[in-house]
Amino acid sequence: QAKEPRDEKNPMITIRFMNEDELGLAADIDVSESGSAIYQCVAGQLKRIEQTWQRADWSAETWQENLADWAFLGRDVILGAFADDKLVGMAILGYHKTATMAQLVSIHVSRAYHRRGIGSQLLAKLVQMARDMGKTEMYVWATNSQAAVEFYLNQGFQPVQPGHAFYRGDIEDIPMIKML
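If you're matching positions, the sequence shown starts at 729 in the numbering used here and goes up one per residue.
Hint data in this document are derived by calculation from the structure and do not stem from the laboratory.
Heads up, the beta-carbon is just placed ideally off N, CA and C, and yes, glycines get one too.
Be aware that one or more of the hints could be misleading.
Beta-carbon label-pair distances, calculated as ranges [claimed, not checked]:
no. : residue 1 : residue 2 : range
1   : 794       : 762       : 15 to 25 Å
2   : 779       : 827       : 32 to 42 Å
3   : 889       : 812       : 20 to 30 Å
4   : 856       : 797       : 37 to 47 Å
5   : 758       : 862       : 31 to 41 Å
Result set (BS3-like, lysine-lysine): computed pairs, CA atoms no more than 27 Å apart in a straight line [said to hold, decoys possible]:
no. : residue 1 : residue 2
6   : 853       : 825
7   : 814       : 775
8   : 853       : 814
9   : 906       : 825
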């Protein structure tokens with residue numbers, strides 16, 4: 729279990745495996761955000777577009793719907809980041825995308841805990857697990873928000889190029905790959 733130092737603004741963060749029975753805790757994660765730019769992927773190239781946008785927090789029902797969708801994609805590993813006993817981040821990995829590729833199905837960190845390295849810690853653990861399973865690539869459909877795309881770029885992901893099996897030019901989300 730990875731832990732961060734504790735201080736008044738930064739409670740102890742513990743990252744651990746979660747089981748299916750704990751998924752209802754996901755509703756505690758505040759996914760609301762706003763920004764002044766989004767990205768589009770045009771012919772495998774990222775294009776930044778200045779645009780004010782907002783995403784409201786998800787209701788418990790929306791979380792349940794998304795968790796059901798993610799179960800279909802494969803929830804082989806579920807990691808949670810806990811501030812004391814409160815779930816503040818979660819990441820889901822699917823091992824079975826292809827023989828060599830794992831899929832980062834989902835990664836979310838509660839708004840109040842952004843920019844504290846929690847997402848990076850969750851991702852690093854999933855990357856190591858994928859490597860341990862013999863995977864050489866990790867795939868994600870990145871939300872087109874500036875924060876999400878730049879997070880993935882900073883973690884070594886690159887946009888999928890036209891001609892790749894997972895490239896689709898007709899969606900808002902951005903397909904990205906990281907070599908492991």
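Quick rundown of the hints versus the structure:
At roughly 20 Å, the beta-carbon separation of residue 794 and residue 762 lies within the given 15 to 25 Å, and the hint holds. The hint said 32 to 42 Å for the Cβ distance between residue 779 and residue 827, and at roughly 39 Å that hint holds. Our hint of 20 to 30 Å for residue 889 and residue 812 is violated, since their Cβ atoms are close to 43 Å apart. A hinted range of 37 to 47 Å is violated for the C-beta pair residue 856 and residue 797, which are about 26 Å apart.
Separation of residue 758 from residue 862 is about 36 Å and conforms to the stated range, judged on CB atoms against 31 to 41 Å. A distance of roughly 18 Å separates the Cα atoms of residue 853 and residue 825; the hinted pair therefore holds under the 27 Å criterion. About 37 Å separates the Cα atoms of residue 814 and residue 775, which puts this hinted pair outside 27 Å; it is violated. This hinted pair checks out: residue 853 and residue 814 have alpha carbons roughly 20 Å apart, not beyond 27 Å.
For the hint linking residue 906 to residue 825, the alpha-carbon distance of about 14 Å falls within 27 Å, and the restraint holds.
When each numbered hint is compared with the structure, violations occur for hints 3, 4 and 7.
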